[in-house]
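With the hints as extra help, turn the sequences into a complete structure.
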Amino acid sequence: MTIAERVRAVAADLAEQERVAVRDRSLTTDTWSLLLETGVLRALQPARWGGGEAPLADFLDAVFEVARVAPSAGWVAGVVGSHPWQSALFPEETQKELWDADASRMLSSSYAPTGKIVPVDGGYRVSGRWSFSSGCDHGHGVILGGIAGEVEVDGAAVPDYGSLILLRDEYRIDDNWHTSGLKGTGSKDIVVEDAVVPARRFLSHVRYEYLPGVLAPGQESNPGPRYKLPWATLFNLVLVAPTLGMAQGFLDEWTAITRDRRANWGGKVGADPLVQKHLADAYWTLDAAIAKMRTAAVTITEAGEAGRYVEKEERARLRWDVNRGCELAGDAVADLYRISSGRVAYLDHPLHGRFQDIVAALGHAFLTTDNVARAYAARVLGATPPEVQL
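Position one of the sequence shown corresponds to residue 1 (the numbering used here), numbered consecutively onward.
Treat each hint with caution, since some may be false.
Calculated lysine-lysine pairs in the DSBU-like style (CA-CA distance at most 35 Å, straight line) [unchecked claim]:
hint, residue 1, residue 2
1, Lys96, Lys116
2, Lys277, Lys116
3, Lys312, Lys96
Derived DEER-like restraints, expressed as beta-carbon distance ranges [what the hints assert, rightly or not]:
hint, residue 1, residue 2, range
4, Asp272, Arg172, 49 to 57 Å
5, Glu313, Ser221, 44 to 52 Å
6, Arg308, Asp174, 20 to 28 Å
7, Glu302, Gly270, 38 to 46 Å
8, Ala280, Lys96, 52 to 60 Å
9, Val120, Glu152, 18 to 26 Å
10, Ala256, Asn176, 31 to 39 Å
The set of hints was computed from the structure by calculation and includes no laboratory data. Just so you know, even glycine gets a beta-carbon here, dropped at the ideal spot from N, CA and C.
Below you can see the structure in the form of structure tokens.
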């Protein structure tokens, strides 16, 4: 049984718990247990730590299915489910610190460098506020993004952006998640007040992402091809999967409602040729976006298996492809929402919440299209590309 099949087997339970999560603004403990029991959250964790060490495409398919019935759970599954993969890139000592006592311990995250990370003897001094830490109520720690000084790349000093792991007693959660969409993700702020973190818990993205041949520390103990994928492309994909899953769930719900919906002047709305065309367009667009997602996953997976370094132009093209797919899928959903009658304005209408979830998801900085479009096209044209994580 695949992970996606296990998810489909508990779809009704996930959907039921989603309603509670939306009300409480955080995933329920039952949802968290289901995500662990189905294997979604630990799919990308190394097998030697009891994880699935599954192909990336299998993980994305499972996350898609979660989001199809439970958008908030799907979003958290994608984001948090990527963290065992990233944790496996940290030094072995850090992996043991996280998983020796309980290998099912999970981390939330917030990657935008909005706080301060200052190098000190033996580690880093951390302070500040990081937002949008999805699933943080269930995390045993958090991965925070930040700039820790500079590192030399191609003879030039560049900001050393990286990820830093803090354990649960080193920060507090500010319960400020009051939103119109993805309400159940509990994506609250993380506040750190002058914590000192050992050096082993910082991982430079610049060093191992953009310097071919430089291994991340954890790749010595986790040498498999699964752990040779480019982080930014992978992280982009773990946001794409739930977003497209939400779009699929919207289409499922819209189709079920419209099949029986009566027109005000008689007859069924579904008999209208224009309505039929709108739906056909939406399904085509979503299918194309899903295909782009799977192609990107296979591309970086095959590169990892071959030991091939994925150049920036290719990474930019992959990120553009999947983000454009999400953008078009969102447009298709908005088109169907627009012709769904004024009743979708009611907060309790089934399509209202689903639409707001997709709007919230598409607002994520990693899913925007403008900069990744330029990052790709500028390289093709020999122009100077913008600074974008690739």
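Would the pair Lys96 and Lys116 pass a check requiring their Cα atoms to be no farther apart than 35 Å?
-> It holds: about 26 Å lies between the C-alpha atoms, which stays within 35 Å.
Cβ separation of Val120 and Glu152, checked against the hinted range 18 to 26 Å = Hint holds: Cβ distance 21 Å, inside 18 to 26 Å.
Outcome for the supplied range 52 to 60 Å, where the beta carbon pair is Ala280 and Lys96 = holds (53 Å)
Proposed proximity, Lys96 with Lys312 (alpha carbon, max 35 Å) = holds (33 Å)
Could one say that the CB atoms of Arg308 and Asp174 fall in the range 20 to 28 Å?
-> Given about 43 Å between the Cβ atoms, the range is violated.
Could you tell me whether the CB distance from Asp272 to Arg172 stays inside 49 to 57 Å?
-> Distance hint for Asp272, Arg172 holds at roughly 54 Å.
Does the Cβ-Cβ separation between Ala256 and Asn176 fall within 31 to 39 Å?
-> At roughly 35 Å between Cβ atoms, Asn176 and Ala256 fall inside 31 to 39 Å, so the hint holds.
Sort out whether Lys116 lies within 35 Å of Lys277, counting only the CA atoms.
-> violated (51 Å)
Does the hinted range 38 to 46 Å hold for Glu302 and Gly270 at CB?
-> holds (42 Å)
Is the gap between the beta carbons of Glu313 and Ser221 within 44 to 52 Å?
-> violated (31 Å)
Violation of the numbered hints given earlier is confined to hints 2, 5 and 6; the remaining hints are satisfied by the structure.
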